[in-house]
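Enquirer: Residues per chain are reported as follows:
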Amino acid sequence: MPDNPEPNHDEPSNSRSAILERSAEPDAPARTASRLAVAAGDELEGSGVRFSGVTKRFGDLTVLDQLDMEVAPGEKMVIIGPSGSGKTTILRVLMTLERPEAGTVEVGGEQLYHEERNGQLVKASEKHVRQVRRKISMVFQHFNLFPHMTALDNVSFGPRKVLGLSKDEANERAARLLEVVGLGDKFGEHPARLSGGQKQRVAIARALAMEPEVMLFDEVTSALDPELVGEVLNVLRDLAENTTMTMLLVTHEMGFAREIGDRVVMFDGGRVVEQGPPTQIFGDPQEQRTRDFLRAVLDRE
Amino acid sequence: MDLTYEWDWEYAWEILPDLLDGLWITIQATFFGIILAMILGLAFAILRRSEVRAISWPTAWVIEFIRSTPLLVQLFMLFYVLPHYGIRIDAFTTGVLALGIHYATYTSEVYRSGIEGVPRGQWEASTALNLSTMTTWSRVILPQAIPVVIPSLGNYLVAMFKEVPLLAFITVFDVLGEGKAACTRNFQCVEPYTLVGVLFLIVSIPSSILVRQLEVRLARQP
Amino acid sequence: MLEWNLWRALLDGTWITVQVTVLAALLGTILSILSGLAGLSSVRAVRWANQVYVDFFRGTSAIVQLFWIFFALPFFGISLSPLLAGVVTLGLNMGSYGSEVVRGAIRAVPRGQTEAAIALNVTSFDRMRYIIFPQAAVTMLPPYGNLLIELLKASALVSLITLSDLTFQVQILRVNGSASTTQLFTIALVLYFLLAMGITGLVRAAEGYLGRGLEIGRGARRS
Ligand SMILES: Nc1ncnc2c1ncn2[C@@H]1O[C@H](COP(=O)(O)OP(=O)(O)O)[C@@H](O)[C@H]1O
Ligand SMILES: [Mg+2]
Chain A
1 MPDNPEPNHD EPSNSRSAIL ERSAEPDAPA RTASRLAVAA GDELEGSGVR
51 FSGVTKRFGD LTVLDQLDME VAPGEKMVII GPSGSGKTTI LRVLMTLERP
101 EAGTVEVGGE QLYHEERNGQ LVKASEKHVR QVRRKISMVF QHFNLFPHMT
151 ALDNVSFGPR KVLGLSKDEA NERAARLLEV VGLGDKFGEH PARLSGGQKQ
201 RVAIARALAM EPEVMLFDEV TSALDPELVG EVLNVLRDLA ENTTMTMLLV
251 THEMGFAREI GDRVVMFDGG RVVEQGPPTQ IFGDPQEQRT RDFLRAVLDR
301 E
Chain B
1 MDLTYEWDWE YAWEILPDLL DGLWITIQAT FFGIILAMIL GLAFAILRRS
51 EVRAISWPTA WVIEFIRSTP LLVQLFMLFY VLPHYGIRID AFTTGVLALG
101 IHYATYTSEV YRSGIEGVPR GQWEASTALN LSTMTTWSRV ILPQAIPVVI
151 PSLGNYLVAM FKEVPLLAFI TVFDVLGEGK AACTRNFQCV EPYTLVGVLF
201 LIVSIPSSIL VRQLEVRLAR QP
Chain C
1 MLEWNLWRAL LDGTWITVQV TVLAALLGTI LSILSGLAGL SSVRAVRWAN
51 QVYVDFFRGT SAIVQLFWIF FALPFFGISL SPLLAGVVTL GLNMGSYGSE
101 VVRGAIRAVP RGQTEAAIAL NVTSFDRMRY IIFPQAAVTM LPPYGNLLIE
151 LLKASALVSL ITLSDLTFQV QILRVNGSAS TTQLFTIALV LYFLLAMGIT
201 GLVRAAEGYL GRGLEIGRGA RRS
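Residue numbers (our numbering), protein chains in the order written: chain A, 1 to 301; chain B, 1 to 222; chain C, 1 to 223.
Treat the hints as calculated values from the structure; they're not laboratory data. Honestly, I wouldn't trust all of these hints.
What the hints assert, rightly or not - Reference excerpt, derived from the structure (chain C facing chain B, CB under 7 Å, subset only):
(1) W7
(2) W15
(3) V18
(4) G59
(5) T60
(6) V64
(7) F71
(8) G145
(9) N146
(10) I149
(11) F185
Glycine residues also receive a C-beta, built at the ideal position from the N, C-alpha and C atoms.
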């Protein structure tokens, strides 16, 4: 691990157009790649995730219907599907932002919403949830950066207040992460003064600073102006290729999904319609609904 | 400490009629006070919008000054100073005057927001129709501005009601004035002041609810 | 103009007014925060008890509360000094209004902020302390400033329970005939106005301080 990584502001580049980025070959910047992985703690083992019979309702609307789904440790799973199909809800259930009505969720072999007491599975205490939740972090569509904190404080806040690092250690970790996502010159800026792409990179650094074993990305480029998508995808690609973290990504960037996904899951109506390796889902989809969806999305592009 | 105070029902019953008489005075003062506040406040609001800076600027300062100084002091001032200038009005009228002037500074703000809520196009259309300033205000702007501000005015009505007891200190026998009198007459103060408090709750809580409903109803209208 | 000893009395009174206002503001601020948080509690009994407090103090009048505490409470064996009675009443009263200010401002912080904090595994206490409250505080300040001015104005009520604040001193000087009534009241009003301007200035400064970094696109953009 480099003790004092020199700042490198030109990568990932802001200047290349999104289209170029998306059609770029996956052999993208190698030097940054390793540095990001190192900064993010690439030795960390990813955890597996297992949803069993998870049901989530909003009033009369059943958004997740007895969902069974497994994610292997270190797997990069891409979730696609039409709007309103429940993709966000899956990630939010895993992040404990929505409590499911039925079913269990396991992370790294541990129950998230339940704990074992006297040989029985009972509703987990807040303490237990927090302990399991440590393994997970999430990046949001709308960034949700803390507007009253500088970029550096946004990233160092979690390590300091949650992981118990000293101020210096936390700042050092935050600085390292911001450097490798290309924001070495933005430490002191408040989010209001950053572009969308910069905000989202801060948000990624903030999540990485918690050294999660599972990272959730919910359409993290959808709120960005097209020319800023590339810089964020670069960082994600780097993470996907050079870390052993488990990643669940919801995205509409099909080229990107094909490039980095170990597996693509097509979602509709709260159920898995079809899943498989990207080559199969994009090259030879079996289900009519998948074909319709892909045609609709690709036509738009 | 003796929390087992013996509540004297007989005494309470005896002073209740006086307190109710006082409450009636309180309600009357509120009524006249808010009417004055609504009229004066409108005048303030319009003067403040004047394009003549020699009018708008002093108006703004007068409003600011009256609004950030205590009503009690203003009340005393009117009560003790007016007679020096040969103006002899009774205590009740003095009180209503003080309430009206003080709350006009609040209502003028309310009107201002209502007036600012009227789209620019309405002014422009009035100009295009060559309406006089007077007609523009009375026929175009105010009819649109006033209905939306009624709930806010209602809130100030309730607020004013709770400040009327200050009139007791310029010799008006409002509900607190009566309570005070009972307290000093009988050396028993728990019953009168408790009853005064209860009477306030009885009037102001339903009024607040009413105003809130008015707000909701107006908010629902397009 | 007035003689020095008259000024002296007025300034002594002003000092009492400042003390009452500052102490009541401290109590009122603490109560506003506690009551505002209680209003957001997930425990129904807490919300209900809080609503009783808020409705009670907003439903009755400050002067009636003051008289009750000063003149009726002694019959229960609890005698408060005029200063304490004034501070307690005004503080309780301010808290009942501040409650809504705090609650509203906290609720206005976007939900995404709480969610981001959960995603960082922040405890609910730290979430409120470091994430939600600091942002809500910026929204709270303007209405909080108004509450402080209302408090300053209401502090004149303590003159009615014999505390020698500015209003009380004016009344004494008026009764003594030491100066012209018009002059006395005008000076008193100007002194109150200066205090109010001081409060406004302080609140503005606090807004600038707490809002630093938030100025650009505040409310317009989500972050
Ligand atoms: N908090 C909520 N309350 C009510 N309905 C919701 C809520 N969140 C999501 N939904 C509904 O659940 C469905 C799935 O939402 P979501 O998971 O956001 O879909 P996706 O991310 O695939 O577009 C949608 O129909 C949405 O309207
Ligand atoms: Mg979604």
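Enquirer: Next, verify each hint and record whether it holds.
Expert: Here's how the hints hold up against the structure:
1. The interface hint given for W7/C is broken, as the beta carbon of that residue sits about 17 Å from the closest beta carbon of chain B, more than 7 Å.
2. A hinted interface residue such as W15/C counts as satisfied when its beta carbon comes closer than 7 Å to some beta carbon of chain B; here the least separation is about 16 Å, so the hint is violated.
3. Evaluation of the V18/C hint against chain B yields a violated restraint, the C-beta minimum of about 14 Å exceeding 7 Å.
4. For G59/C, the interface hint holds, since its Cβ comes within 7 Å of a Cβ in chain B; the closest pair sits about 5 Å apart.
5. With a least beta-carbon distance of about 5 Å to chain B, the hint placing T60/C at the interface is held under the 7 Å criterion.
6. About 5 Å separates the beta-carbon of V64/C from the nearest beta-carbon of chain B, less than 7 Å, and the hint is met.
7. Interface restraint check: F71/C against chain B, minimum CB-CB distance 4 Å, threshold 7 Å, status holds.
8. Interface restraint check: G145/C against chain B, minimum CB-CB distance 11 Å, threshold 7 Å, status violated.
9. Given hint, N146/C at the interface with chain B, is violated; its Cβ is 10 Å from that chain's nearest Cβ, farther than 7 Å.
10. Given the 7 Å rule on beta carbons, the hint for I149/C holds: about 5 Å separates it from the nearest Cβ of chain B.
11. Against a cut-off of 7 Å between C-beta atoms, the interface hint on F185/C holds, since the closest Cβ of chain B lies about 4 Å away.
Figure legend: structure checked against the earlier numbered hints; hints not met, in rising order: 1, 2, 3, 8, 9.
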